[in-house]
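Fit the two chains together into the complex; they arrive one by one in their own frames, and the hints show the way.
Listed below are the residues making up each chain.
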Amino acid sequence: MATSPDLVPTPAQTPADPLLDVRDLHVEFRTRDGVAKAVNGVNYTVHAGETLAVLGESGSGKSVTAQAIMGILDTPPGFVTRGQVLFQGRDLLTMSAEERRKVRGARIAMIFQDALSALNPVLTVGEQLGEMFRVHRGASRKEARAKAIELMDRVRIPAARDRVRDYPHQFSGGMRQRVMIAMAMALEPDLIIADEPTTALDVTVQAQVMDLLAELQREFTMGLILITHDLGVVADVADKIAVMYAGRIVETAPVHDIYRAPAHPYTRGLLRSIPRLDRKGRELYAIKGLPPSLLHIPPGCPFHPRCAQARGRELCRSDLPALLPVVGGRASACHFWKETLGDDNAAADRAGA
Amino acid sequence: MTTTPRPTAPEPEAPAGGAGREPILQVRGLVKHFPLTQGIVFKKQVGAVKAVDGVGFDLFAGETLGIVGESGCGKSTVAKLIAHLERPTAGRILYKGQDITDLSGRALKAVRRNIQMVFQDPYTSLNPRMTVGDIIGEPFDIHPEVAPKGDRRRRVQELLDVVGLNPEYINRYPHQFSGGQRQRIGIARGLALRPEVIVADEPVSALDVSVQAQVINLMARLQDEFGLSYVFIAHDLSIVRHISDRVAVMYLGKVVEIGPDAAIYEHPTHPYTQALLSAVPVPDPAARQYSGGPPGGASGGPPGGARGRIILVGDVPSPANPPSGCHFRTRCWKARERCALEEPPLTVPPEFRATAGPAEHPSACHYAQERLVVPGE
Numbered sequence: 001m002a003t004s005p006d007l008v009p010t011p012a013q014t015p016a017d018p019l020l021d022v023r024d025l026h027v028e029f030r031t032r033d034g035v036a037k038a039v040n041g042v043n044y045t046v047h048a049g050e051t052l053a054v055l056g057e058s059g060s061g062k063s064v065t066a067q068a069i070m071g072i073l074d075t076p077p078g079f080v081t082r083g084q085v086l087f088q089g090r091d092l093l094t095m096s097a098e099e100r101r102k103v104r105g106a107r108i109a110m111i112f113q114d115a116l117s118a119l120n121p122v123l124t125v126g127e128q129l130g131e132m133f134r135v136h137r138g139a140s141r142k143e144a145r146a147k148a149i150e151l152m153d154r155v156r157i158p159a160a161r162d163r164v165r166d167y168p169h170q171f172s173g174g175m176r177q178r179v180m181i182a183m184a185m186a187l188e189p190d191l192i193i194a195d196e197p198t199t200a201l202d203v204t205v206q207a208q209v210m211d212l213l214a215e216l217q218r219e220f221t222m223g224l225i226l227i228t229h230d231l232g233v234v235a236d237v238a239d240k241i242a243v244m245y246a247g248r249i250v251e252t253a254p255v256h257d258i259y260r261a262p263a264h265p266y267t268r269g270l271l272r273s274i275p276r277l278d279r280k281g282r283e284l285y286a287i288k289g290l291p292p293s294l295l296h297i298p299p300g301c302p303f304h305p306r307c308a309q310a311r312g313r314e315l316c317r318s319d320l321p322a323l324l325p326v327v328g329g330r331a332s333a334c335h336f337w338k339e340t341l342g343d344d345n346a347a348a349d350r351a352g353a
Numbered sequence: 001m002t003t004t005p006r007p008t009a010p011e012p013e014a015p016a017g018g019a020g021r022e023p024i025l026q027v028r029g030l031v032k033h034f035p036l037t038q039g040i041v042f043k044k045q046v047g048a049v050k051a052v053d054g055v056g057f058d059l060f061a062g063e064t065l066g067i068v069g070e071s072g073c074g075k076s077t078v079a080k081l082i083a084h085l086e087r088p089t090a091g092r093i094l095y096k097g098q099d100i101t102d103l104s105g106r107a108l109k110a111v112r113r114n115i116q117m118v119f120q121d122p123y124t125s126l127n128p129r130m131t132v133g134d135i136i137g138e139p140f141d142i143h144p145e146v147a148p149k150g151d152r153r154r155r156v157q158e159l160l161d162v163v164g165l166n167p168e169y170i171n172r173y174p175h176q177f178s179g180g181q182r183q184r185i186g187i188a189r190g191l192a193l194r195p196e197v198i199v200a201d202e203p204v205s206a207l208d209v210s211v212q213a214q215v216i217n218l219m220a221r222l223q224d225e226f227g228l229s230y231v232f233i234a235h236d237l238s239i240v241r242h243i244s245d246r247v248a249v250m251y252l253g254k255v256v257e258i259g260p261d262a263a264i265y266e267h268p269t270h271p272y273t274q275a276l277l278s279a280v281p282v283p284d285p286a287a288r289q290y291s292g293g294p295p296g297g298a299s300g301g302p303p304g305g306a307r308g309r310i311i312l313v314g315d316v317p318s319p320a321n322p323p324s325g326c327h328f329r330t331r332c333w334k335a336r337e338r339c340a341l342e343e344p345p346l347t348v349p350p351e352f353r354a355t356a357g358p359a360e361h362p363s364a365c366h367y368a369q370e371r372l373v374v375p376g377e
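For the protein sequence lines, the chains are A and H, in the order given. full-length UniProt numbering numbers the first residue of the first sequence as 1 and each following residue consecutively. full-length UniProt numbering numbers the first residue of the second sequence as 1 and each following residue consecutively.
Everything labelled a hint here was simulated from the structure, so no lab data went into it. Model, not experiment: these values are computed from the prediction. You may find that some hints are simply not true.
Unchecked claim - Covered, in the sense of this in silico footprint (three residues per stretch, anywhere, with C-beta under 8 Å from a C-beta of chain H), are these stretches of chain A:
#, segment
1, 115-129
2, 198-208
3, 255-262
What the hints assert, rightly or not - Listed next, with one range per pair, are the computed distances between beta-carbon atoms:
#, chain 1, residue 1, chain 2, residue 2, range
4, A, HIS296, H, SER104, 47 to 55 Å
5, A, THR221, H, LYS44, 51 to 59 Å
6, H, HIS175, A, ILE72, 21 to 29 Å
The C-beta atom is built at its ideal place from N, Cα and C for all residues, glycine as well.
Only chain H is shown next, with the shape it has when bound in the complex (with noise of 0.2 Å):
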């Protein structure tokens, strides 16, 4: 491995971690509920999509934290929550240590100057009927103390040029360029007020392989040139864990679990990480997991094939009703009644603490075990 996991996982709850480092954003106990209504006139709420139900993490200077999960977990909404887009229904959000959770007006202005996002479909999240210079130079006339009036056309050039884009395709419209040229111009504007965090929702999703890979790298550049944090969000796990110092998985509305990449990757102990590892195909046609192999050859084996893989059962349970206790004991080959009783919280679980291993971070299992599923080099 590459990287060395940090000396303290930190806790999710605490103050801070790592290194004495001060956290530049601190989410606590994050909770956002869409009420679902019935009747026109009269509207009454019948129930709420608790979209997210308690998050916590702190992100550090520097850093990016990926956020995996599967489609409804959640993960979309806690970057709207950050990014300011949504108001939570219960939590606070803390960027270097002031709380902007109920900011508004002007001190909310200053504080989303510094908190910016890439979204995802760079097909529909850029106007068409505005030249690429305006999508970019749109910034700076919510925050005309960025740059004056006369000096934007430069540093929209600027910003083109840093995205690795033709500066002078500046008047040019979003339908000329490709898709992977679309998101450049996405993570151009969000630059466009030299932020210090960024939180990219499925920034590459929408990418082919090839594309993906230049824009994955222009994002680490970004990184190093520009001291930026990320908060990563996607679902393929190959990708967070390319990019992310930190993971933290989540399950409909909650972190399961969270720490440094290789200790997440290498040594998960929630059962749901374990599965949703071992589902992802690894591109080497040595590690097949799935039974049906070709006719005569890798057939008849045991289903679990050399990765020991591990097929959860059913869908993801609805997010308006959740099961009680643990989110996931529908799913799980290792619930029993406690876990329908008691909802397990996100710590360290209390065999893996004071052992200064890598399995030593906070996974919400009652039941957390360490297992290997991603073979190793």
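One chain only, chain A, in its complex shape (with noise of 0.2 Å):
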């Protein structure tokens, strides 16, 4: 199984060309109350050894575009209408669902938020570790069992052989991430998905679990989408930032640029909207109003009704940006972007002066 012709990188394949690229991605759901929308031409890249943050509030496609990429997408209602999700060089929407499901698990795996309702409540962590091996890889019981035990160590479960056979709910909430972890480990993936890995648990032990989520990461050279809503896990593990809003890319940018100077209106806005725990203001500053429904995404710029900067410009409302590069390995989508870097750019020079 392990030679099967689809685990082998294409010929054409090189260190420089990135792990996964997913080109003009659309994905729509047809509910009874119309056709939402849920992600509008996406375009990423994450090269091997990488982490991608996709940053994004709720309802902005970002967990969406990680199901469509890992096939997992519920169809009907959702539906890729469009675009191409390579991995490797080869399009995963266009391979047949037996192709795939070889890719899924044993080459991009994904890290689940909620842990307890992933795991399954009525099999031991021990059996659903092995199957990974058992399907996969065609194991023994006997060796799917010694092979569990060896990544529940791997990823500092305690006392991995005694818990082997314990049902998900006698873990923690940590104890469970971890499990999840070791799970999408096991097969030692190229890429790794890791939707709001973190969200569920308390910060100290949302520090551990990052923390091994990184060490993996660097030992196997994984590609490592991080999908979250914390702009503060994002500042500590991200090497690039997706932002995302109503379903498009407003934003890309390598992790220490956009926290410096961000080029669009939203980034900005959510970056000012955070409070600090090393300062202590009066008032945040807040983007008013609410996302859109995508049912009825706003014509034009989808972020202009709640866009400081757009100040009723006709562009806004009526030319859907499009996401351009700008300076430094940056793109924005923002027909003013220059506007949004000059005026922080502008501001850290009278800071720092």
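And the structure:
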């Protein structure tokens, strides 16, 4: 099984090529109330050993994009209507279900937010971890158990030999998330998609789990897509960031640049609106209004009704800004990105002077 | 810093502190044990979950007391005890000097009018079959003296306006609103009776970042407008710092450290507070802390990173069977024999007494030490 052709990278693949290349992905949900356009032309790439953080609020399409990549979208109502997902040069979306199943889990694995509902409550964690080896590698029951113990040791679950027979509910939240990570790591995939891996955890446990994930990623030079709404976690682990709003990427940038000077008003609003541990201000900056309904995305720039910079300009209301390169390997989907970037640079200069 | 620490950090068991102000709410030695039973017909108690195990603090008029801690530390139980939704096993709650712990009937109703609660989950704390007008107006049914019947609709519309919702939405149902708007409805309901104290249990945890800021700003504005006192409970340390004047840190049913926000955040002396603060990711890549950096970048550096981060090992012990002595000792890197034998009291540690510095605040640790964990600006 390990020698099946789909597991061998295509000859055209070179180290400089991205591991994953998502091109113009569109996903819609056909509901009774109408068509919800959840993802509207997303492009991003992840290289081996790189961490891409996908940042966005609920309904921004960040999780749906991941589900489309993994091929676990609920169809119906969800449909991928356009686009390509190139993994090691091959389009996942045109693969047969059989081929795709071999990629999923073995080459691309996913870590879910809520480990308690992602794990099967009536199987022991040992059985669930071992299943990876039994299904993908044809291991025997005994081999699978030995592998499961080894994995649990690797994610530092204490007393793995005893706990392998425990059920998910017998673990604490942090330990369950470790089981999820062990399961994702089982077949040493090239890419891991972590959907809000620490959102349900307490800060001290969150720190342990993020540390473990970062360590394993380095050890195996995996690509990592980290989906989150937490700007703090992103700043800690990401190499580059893609900010999503209403099913589109509005800004991509290396992590340092985006925090210093965002090039899209939405990113800027988000950064300003979070309270900081090391600062105390009287009033928080708040982005006015609410994210749009995906059934009725505003025409023009989807962010214009909430934008502090649109100021009623006609261009923002009529033309959808494309995600275009700006400066220094960054891209912004704002007609007036120069103003956004300029403002902050000027402000930083003033503060520095 | 924009705020200066108050001259005297109030001792939790002492009568009062803080520039001669009367505390509006005093909590003394509050205990809540939930019994663990065995058997169906003949239930016998086999133990107790010590959710709250001796908590004391003061709340002054017009201030915000933040309570932080991890899940299971008892912070939500404290909220319920203050709002009289649960009866304490032991301990006293004083409202303006009057003991309200054992009140019932009419007297309790009168006190409850002044202590209102805002809940965490705006999706489950609003009745889906009631209109917004009915939800916000319901407190008036219980306390008709606040608003006469004919006046209620106008009062509800006023409240909607105060919390930034369109007064015309009075006949809509909760499902027609977004999460942030629902939390505004919850706040409007809390405000209806013009209370003096609002106990907010994780009021913004369920909300998105951009909406969270709107609700926090609203709460700050309402506090100024109506002179409210808040007990603000959250697990997000950044938000608590933003809104609070004083902060209490809880661990396994006890307050381990309490003081003005600058003292707690910039001069923590309890190891748990230090670990908790250092674990919070700061949205600034310059302060990166995880050992896994970009390949060839920060990798290989010390696991502590630039911020000297403390990673606690293990999980919080079960509150049904807390460790002896200091509850934190099982996860503490400083723990010695004394910690298992003697429970550290929540007082100003002797080495910081009469130093008049920001480290002079109550901290329940035998080996309290100042340690900077939050990078300054």
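Each hint, compared with the structure:
Check on the segment 115-129 of chain A: 0 of its residues sit with their Cβ under 8 Å from a Cβ of chain H, so the three-residue criterion for coverage is violated. Under the rule that three or more residues need a Cβ within less than 8 Å of chain H, the assignment of the segment 198-208 of chain A holds, with 7 such residues. As drawn, the segment 255-262 of chain A meets chain H at 3 residues by the rule of a beta-carbon pair under 8 Å; at three or more, the given contact holds. Range check, HIS296(A) to SER104(H): about 52 Å between beta-carbon atoms, so the 47 to 55 Å window is met.
In this structure the hint that THR221(A) and LYS44(H) lie 51 to 59 Å apart at CB holds, the actual value being about 58 Å. Judged by the Cβ atoms, the range 21 to 29 Å given for HIS175(H) and ILE72(A) holds: they are separated by roughly 28 Å.
Violation of the numbered hints given earlier is confined to hint 1; every other hint is satisfied by the structure.
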